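For the record, the sequence lines run as chains A and B.
Just so we're aligned, residue 1 is where the first sequence starts under the numbering used here, counting upward by one.
Just so we're aligned, residue 1 is where the second sequence starts under the numbering used here, counting upward by one.
Read the hints as simulated data drawn from the structure, not as lab findings.
Since the model is a prediction, treat every value here as computed from it, not as a measurement.
Please note that the accuracy of each hint is not assured.
Cross-link-like lysine-lysine pairs, in silico, BS3-like; alpha carbons within 27 Å at most [stated by the list, open to error]:
no., chain 1, residue 1, chain 2, residue 2
1, B, 233, A, 66
2, B, 199, A, 62
3, B, 327, A, 66
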Amino acid sequence: MRHIISILMENESGALSRVSGLFSARGYNIESLTVAPTEDPTLSRMTVVTRGSDRIIEQITKQLNKLVDVVKLIDLSESEHIERELMMIKVRAEGDARSEAKRLCEIFRGNIVDVTASSYIIEVTGAASKLDALIAALDENSIIEVVRSGTTGIPRGLTGLHV
Amino acid sequence: MGIVELSGAEILMRCLKEEGVEYIFGYPGGAVLHIYDALFQQDDVKHILVRHEQGATHAADGYARATGKPGVVLVTSGPGATNAVTGIATAYLDSIPLIVISGQVPSPVIGSDAFQEVDMVGITRPCVKHNFLVKDVSEIAETMKKAFMVATTGRPGPVVVDIPKDTTDPSIKVPFKYPKQISMRSYNPVVKGHKGQIKKAVDVILEAERPMIYSGGGVVLGNAAKELTEFTKHLGYPITNTLMGLGAYPATDSQFVGMLGMHGTYEANMAMHECDVLIAIGARFDDRVTGKLSEFCPNCKIIHIDVDPSSISKTVRVDVPIVGEVKPVLAEMIELLKGSKKKAPAKAIKEWWKQIDEWRRMDCLHYDRGSELIKPQFVIETLYEVTGGDAYVTSDVGQHQMWAAQYYPFDKPRRWINSGGLGTMGFGLPAAIGVKLGYPDSDVVCVTGEASIQMCLQELSTALQYNTGIKIVNLNNRFMGMVRQWQEFSYESRYSHSYLDTIPDFVKLAESYGHVGILVEKPGDVKDALKEALKLKDRTVFLDIITDPTENVYPMIEAGKAHNEMRLAPGSIGSRELA
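Looking at chain B on its own, in the form it has when it is part of the complex (with noise of 0.2 Å):
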């Protein structure tokens, strides 16, 4: 077979084939429509077409999180891109791989302030892994598969591909032949762990006498579960997990002892700040994560396990960093310690455990049961209840996300899907239909608030283009929830516009997208109305759950406080005996 010659767009179709790609989320304009029209005339690559940019960022990405593979994005350029960047910004702090296509104005205009122009690389320069300007049509192979080689490897991240509309022309054609294998001198992740380093590590760990291991999203990027749990089964120590790694160690395990950081349980952040010996495995010690940077850890040695060097050592001084990706150092920890004759000292390992089971009697996640009002903990509660623990969760941010996080204890990686680093309002909704399509057979629940929701609505028709039967729980406080907790606080409770006072009636709403509205406004309902949701298995149900406006989310350390300085639940056990 000879090389064939195809145009621009049609090469770019035939990368996404070559690399298996199933689903490309994006809106057509001007300086795609080259590309639009060779995706029509192909049936390799499934288009969703979205009804806002950021929609289309959020959906891959959520894709990409659920199933491990890359993300695709098509925009066209000027407003098309820009409305990518909150969406590519996401992935970027939350290290997703993403492939973003944006249309560019024709390369002879550049630079004229054209129609619909804008410097789609300069704009995301800080907000992407990598991002490239094709410049001819003959580049386009090359620069794909780089795109998704930077994309995947090492610690992942949004690509931009930005492509001047010349070069997707139909009447051009170059001879086109996918690279199998690319390399690039200045790009060489590193994948294994240093070996003396891994050795000196498992010294460390064997010495603890209050060891705590303290995973992130690292693990779930790196399908790394099962050697985490095999690692942590081996050494029988606690193990928290960040926001982003949840489900990465079985959180049902008496060994895994919550979440930690701004809103972890009181036994997660008393256990990191007493620990002597700290296993921080794919995890960037965040704000959220370490509260009071002078006070983090104040006693202990730290153990590093990172695939990006530049998360080492950045905010917190570490003792023993390891390079690598952390499946195979697992793997090699895991071999050490099995041949190792050293055992960690039992008896003190022991008492730590009496120490942290006395703080989990605490009983930090309390919450009034008895309420006549609709408690959003209880709502997820049943949540986990009726989906069995295993369903896929998306969230937005705010209340809602800490309590899913907090009380829908996930066991399996990959599950909970949520914008951690940079914290995206409007995430939930186009997540859960990128999720959704990657795992049709599975339940995909995006857990919301009324104010979240309204960041990205108009993806609702998207779901009924798509027939994606997501389930929208809208934990409806008529606040800002999060701002509204923080104001009360930290501002003598001066709610300044935190209050929505003009909310749709989402019921309403719902049905006007061709879509199931529920509204559930009593405790003794939610459990019906859920498994009615659930049961109506092809259709988006939306869940408008009338609930307490003055919960709070506890336990929480406030901003540059110390994991020993949390505020507790009113009327748990910790409230009262810590006082």
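Just chain A, with the same shape it has in the complex (with noise of 0.2 Å):
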């Protein structure tokens, strides 16, 4: 099953490392990954998406709390959260081609920020389920380039993740 594990852990150089390097080292897939300082700029926020059986996520999220960085980490899959994705996807847009790829991304609540006369750039954030969606209805031989930046999530309500 897929999960979304969301870390909290010191910023620091190597932390980033520290995890990725578990993964490889126990053998856990990493779907996708994305970092960042949060607020307070000595904590980064982490958000991993990996696939295991109930046992292999509870030995990733043990694994990962016994990283000496490692402050706080919630699996957000177990509860209400909210899971977004931003994508860039860079397609043709010449003759018929060009209506299409912007009625699309009307459909997909996407964003046009960059024309040419042949081509569009659109934005378009939502989980990594509606992004594959978004290509799946593209024309495989229109898209010239895709950017994704990897999930992050956040818990709903008023729990969350903080010191």
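Take the two lone chains and join them into the complex the hints point to.
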């Protein structure tokens, strides 16, 4: 099953490699990983999307907690949460494809953020599955380039991950 | 008294003094010259000059295992640092507290492939509990405080502190104050166990009809041998120890059924297989212990006490997990047991002991006592006899390690010093030097083989320099014995590169290093030779004992097999009756 693990850790050099090294050393897979400092510059917030049985996910969270730089973590998938990913996708926009791309962009509530005579860059945010759906909807030959940020997430309601 | 201004190197020395460090094991080089200069100008910390950085880590590790204090290592950058990595990994796998200070090239040239530069923090990341790169001289004191705290608390382990040369520059002085206490918001190991879980565990323990206590290195590391013994005695249940846990419960006691696992006793492994309640204490269900996981303790409830939550349910599902240090958890359990009205079902426990005694009758540690060749098991038994069972025994890795574990019953913790997790050949000799420095008046014996001993042989020179009178018992069978044994069992005796046909004359070798060498070739000479070696208190004695090259370690659970599928010694009662 897919899990989104959100980690609050010391914003130290090497912190990212402690986490990525743990995943590769123990053979856990990483679907995506994002990291950036929080409102407190001494802390980084990292979001890892991974897959595994309940047992593997239990080990992953325990092993992550064991890292000395990790302050706290939660498995977002265990409760109500908001999940978002940003994608920028560059498509060919010539002839009929130009209006088709614009129409699809509207359906997916994206924005066109760059326009040339022959291309668009569409910016779209949403759950990873929504971004997958947009890619699937576009003609394969029309896609020039895809950039995705990786998933980030936050629990719903008053609860939160903080020191 | 005002705050003193010191250089980074001087600060480092003061930190070690504040931590009560007696010995630092190391080897100088370019990046640590400032530190060595400060070391030269103080008398609080004694430096032990090894001959190879791997030896430094193993010696510090042996010192730590025997004394319970953290071991401290000082190496230079580049090759000095990489040579230390095997020793760091050895300590990591066995959860031994080490502080490894490695020199680093000066900060401005880090990342430029400078002379003797290696990314030590990157290289050691997967085999340390934590590591630090010091970025400024003002960070040294706090970093060292953190390093000692992390290494010695919770589940202990090695910590590397990588120190760029410019931060120890003698001309740059900063105010020094060693923090008395330090807290890290990201590091809070659990101490006490959950009360509800402990109560639940006690209930399960008292309902058991075929209980088994399985304890590991965590009891030794957690200084909980006394509590474990009281707990086990109170219950009257059988107990087995892992290789790392030997000595945590007196091996000569009647409730002890021997070590378990791949080369564990028949009775210990059978009791594991047939038990209905397993009480795992400071043990981590290592693959050499469990054998085939799908058939491990098939019909039992498992209680697991461990300070490291990630050890719980890692390989084997646990029914009653208790996260906490074994010492306070066991103390609480003893309290509850003593106050409990519920009693263990006496009749069932009596039946269980009857069954265990039946398994014991199989005489699984049988070997041919009439042999004209020296049997390695006989050497260990004789060693036990002449040392009164009270020596510190270090070992290398292989057959001799298993025989030492099987035939030298340890009654006290921290007496049995071996590389269990990583299985590092070359560990025994430097470890023995470290142990001897910790306990100069005790007998320290390194049980080894002619293959292992050659992996850190250069430390014979260190043993002379510091006059550590250790005794080396070299079980010389002219083979990498354990490799040969596996090749005999699993590769139709194709002994691929497990034979050593150019073995040095160890007697001459020992003598050339300034030690005493004794060659032993007959069973009748073993006892006298051992006695003579022990009599030479202040000398290092190398006993080269020529043993039967065909001897195998029994019992054996081959890789991938279950606890009830043991290979027993030819000639034993078990091998006849169970065939």
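These are the hints, each one checked on the structure:
1. This hinted pair does not check out: residue 233(B) and residue 66(A) have alpha carbons roughly 34 Å apart, beyond 27 Å.
2. Under the criterion of a C-alpha separation no larger than 27 Å, the hint pairing residue 199(B) with residue 62(A) is consistent with the structure, at around 24 Å.
3. Among the hinted pairs, residue 327(B) with residue 66(A) is consistent with the structure: their alpha-carbon atoms are about 21 Å apart, no more than 27 Å.
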